[in-house]
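J.: With the hints as extra help, turn the sequences into a complete structure.
First to last, the protein sequences are chains A and B. Read in my numbering, the first sequence has 820 at position 409, and its numbers run on one by one without any break. Read in my numbering, the second sequence has 113 at position 111, and its numbers run on one by one without any break.
No farther apart than 27 Å at their CA atoms in a straight line, the calculated lysine-lysine pairs in the DSSO-like style are these: (1) B:K173 - B:K121; (2) B:K236 - A:K428; (3) A:K773 - B:K121; (4) A:K460 - B:K236; (5) A:K449 - B:K236; (6) A:K634 - B:K236.
If you're looking for bench data, these hints aren't it; they were derived computationally from the structure.
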Amino acid sequence: MTDTLTPVLSAQWGAEKSWTLDAYTATGGYEAVGTALKLTPAQVTDMVKDSGLRGRGGAGFPTGMKWSFVPKDNPNPTYLVVNADESEPGTCKDMPLLLASPHILVEGMIIASYAINCHTAFVYIRGEVLHVIRRMQQAVAQAYAAGYLGKNIKGSGYDLDIIVHAGAGAYICGEETALLDSLEGRRGQPRLRPPFPAVAGLYASPTVINNVESIASVPSIVKNGSSWFGSMGTEKSKGMTIYSLSGHVNRPGQFEAPLGITLRQLLDLSGGVRSGHQLKFWTPGGSSTPILTGEHLDVPLDYEGMAGAGSMLGTKALQVFDETTSVVRTTLRWIEFYKHESCGKCTPCREGNWWLVQLLKKFEAGEAVDGDVDKLLDICDDIGGKSFCALADGAVACVTSAVRHFRGEFEAGYKTPAWELFPYGASALFPVSEKVGAHA
Amino acid sequence: MSGHEFQSFFPDSGEVDMTDTSTSIDEATMAELRDLAGRYPQARSALLPMLHLVQSVDGRISPAGIEACADVLGISTAQVSGVATFYTMYRRRPGGKHHVGVCTTALCAVMGGDTLLEKVSAKLGIEPDETTADGTFSLERIECNAACDFAPVMMVNWEFMDNMTPAKADKLIDDLAAGKDVSSTRGAKITSWREAERVLAGFTDGRADEGPSAGEASLLGKSIADANGWAAPKPEDAK
Chain A
412 MTDTLTPVLS
422 AQWGAEKSWT
432 LDAYTATGGY
442 EAVGTALKLT
452 PAQVTDMVKD
462 SGLRGRGGAG
472 FPTGMKWSFV
482 PKDNPNPTYL
492 VVNADESEPG
502 TCKDMPLLLA
512 SPHILVEGMI
522 IASYAINCHT
532 AFVYIRGEVL
542 HVIRRMQQAV
552 AQAYAAGYLG
562 KNIKGSGYDL
572 DIIVHAGAGA
582 YICGEETALL
592 DSLEGRRGQP
602 RLRPPFPAVA
612 GLYASPTVIN
622 NVESIASVPS
632 IVKNGSSWFG
642 SMGTEKSKGM
652 TIYSLSGHVN
662 RPGQFEAPLG
672 ITLRQLLDLS
682 GGVRSGHQLK
692 FWTPGGSSTP
702 ILTGEHLDVP
712 LDYEGMAGAG
722 SMLGTKALQV
732 FDETTSVVRT
742 TLRWIEFYKH
752 ESCGKCTPCR
762 EGNWWLVQLL
772 KKFEAGEAVD
782 GDVDKLLDIC
792 DDIGGKSFCA
802 LADGAVACVT
812 SAVRHFRGEF
822 EAGYKTPAWE
832 LFPYGASALF
842 PVSEKVGAHA
Chain B
3 MSGHEFQSFF
13 PDSGEVDMTD
23 TSTSIDEATM
33 AELRDLAGRY
43 PQARSALLPM
53 LHLVQSVDGR
63 ISPAGIEACA
73 DVLGISTAQV
83 SGVATFYTMY
93 RRRPGGKHHV
103 GVCTTALCAV
113 MGGDTLLEKV
123 SAKLGIEPDE
133 TTADGTFSLE
143 RIECNAACDF
153 APVMMVNWEF
163 MDNMTPAKAD
173 KLIDDLAAGK
183 DVSSTRGAKI
193 TSWREAERVL
203 AGFTDGRADE
213 GPSAGEASLL
223 GKSIADANGW
233 AAPKPEDAK
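T.: Below, the structure written as structure tokens:
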């Protein structure tokens, strides 16, 4: 029986100057590089496959299997690209990881690059996090100086360069093919697949794209073994992962636990929902994962558990909203986000989210008319599954799940403004002005 | 539906201001732009960092900056403009010395972000996407900045300002306006938006060691684990 919380990635976040090479190597950092470079690339890939590690960025695809899709006979170079574009509303795990322990990602990148025979790797970090970028730039520079990057790493004959790349403000660049276009110096718009990035990714060359947390998990697997990793978690959702608790809770924060912990357990550990209030709804993994309610408190927070509850594990971003919160207002804000972040490539997403905002504003103002709930769902039908990438599906999921659980609250928007049903001041942490109204 | 007649509404799709041709780009800037282009397997990959550098020099995406990028990369100015106008961090009008962001995506909005934006906007006398007449502040209504466990969140020059309240926001603006030392809650001492843009371009400023390793919320799970004696299994126990 494993412990309730199992800090591995976050174990050193509180250490003195935790972000430096000295602090990292003092606790065994970079030992896994030495181990991995003595194995064959195939053996490293097999270790990661055997561990059961699945992508921590949302989709949950098995990481080792993704690596094994890289063709061995392609004459072009192979690239590793780490997706550090963390921008999904509610998601806030990779940024603290990189701020406190950037070397764990560097080490993971060295091992992953070796496994896929890559000699140039990239970290694509969203641009709006200056200090995270500083820490990552410094970690890479320190790793070069210490001989963990560059030519002939630690006498192994293996060469690797890492480029730290800052984005410039675009949620869509978290979508892996949009990220590749952005990294090629273009507008960040998704590509049609196939071909998949493993075959034709960056510069039309074989490319593996992994989330920060996925790659950061690799050194611990190499160091402690696949069975160690698999001893945590559930049958199909193995290992430890970082859960981010935010919103109307007494103590928000990051919790590293075996996959399969429940929201009830996390709330019990952290002091529960805001004092004097009850849980109303929550997201398991960011705004793109269908919302859940109090009846799902005991569903395991793993890939299968969340799928079974009609949602997705996503990024494990648990945003908690209490009974003071208007689900209409919250949904509107999320759709305003998707409207703002739609790259504009696909008409259903570009126009559909614009229409959803118009309609949701009417619900918020109590000016919707009888039948508008069905219209809302109709528009969702016109968006979901009809665009290149998952941005549109994520937008639709937050509307349809909100209507599924709180249809009555939407219907109340035929008569009564949301701010009368749920005075907004009650949801805030400090007194707010009476004036409300959604922005453009 | 009545009232839903179609009207194109994409306020962010405006063009670069081509009437303001002023620039501070000089030979040294050109050398740095070429340096960035040389860091990638294919030069065009440097375009986003190069545009960050243009902003750090000109305080905006300038026509001269667009031409400089196009020259260095051997692509058209239309291709550069197309990229510059896609990303929200690139400003088409001069930004302030301090660029202030207030998050109003759902969770921050609900927890008070709307009121923060309203108060900061009133205090500065500008709306989002505007710059004060003296050039000290520009304001932006930002989308989720990956700090939800510290909501409501503000950013100054893309440094975290966690757990904000109206009183804290008020003091923050006053201190910045007075030129006092202000530090990010999880970052370095605040310099200026242009200096931040230079770091984003890929030219380090030696400030990585400033600030804490993590915020209190980041450490919560670890501290609870420590208090309970919880840890990941030992490798020998998992065999």
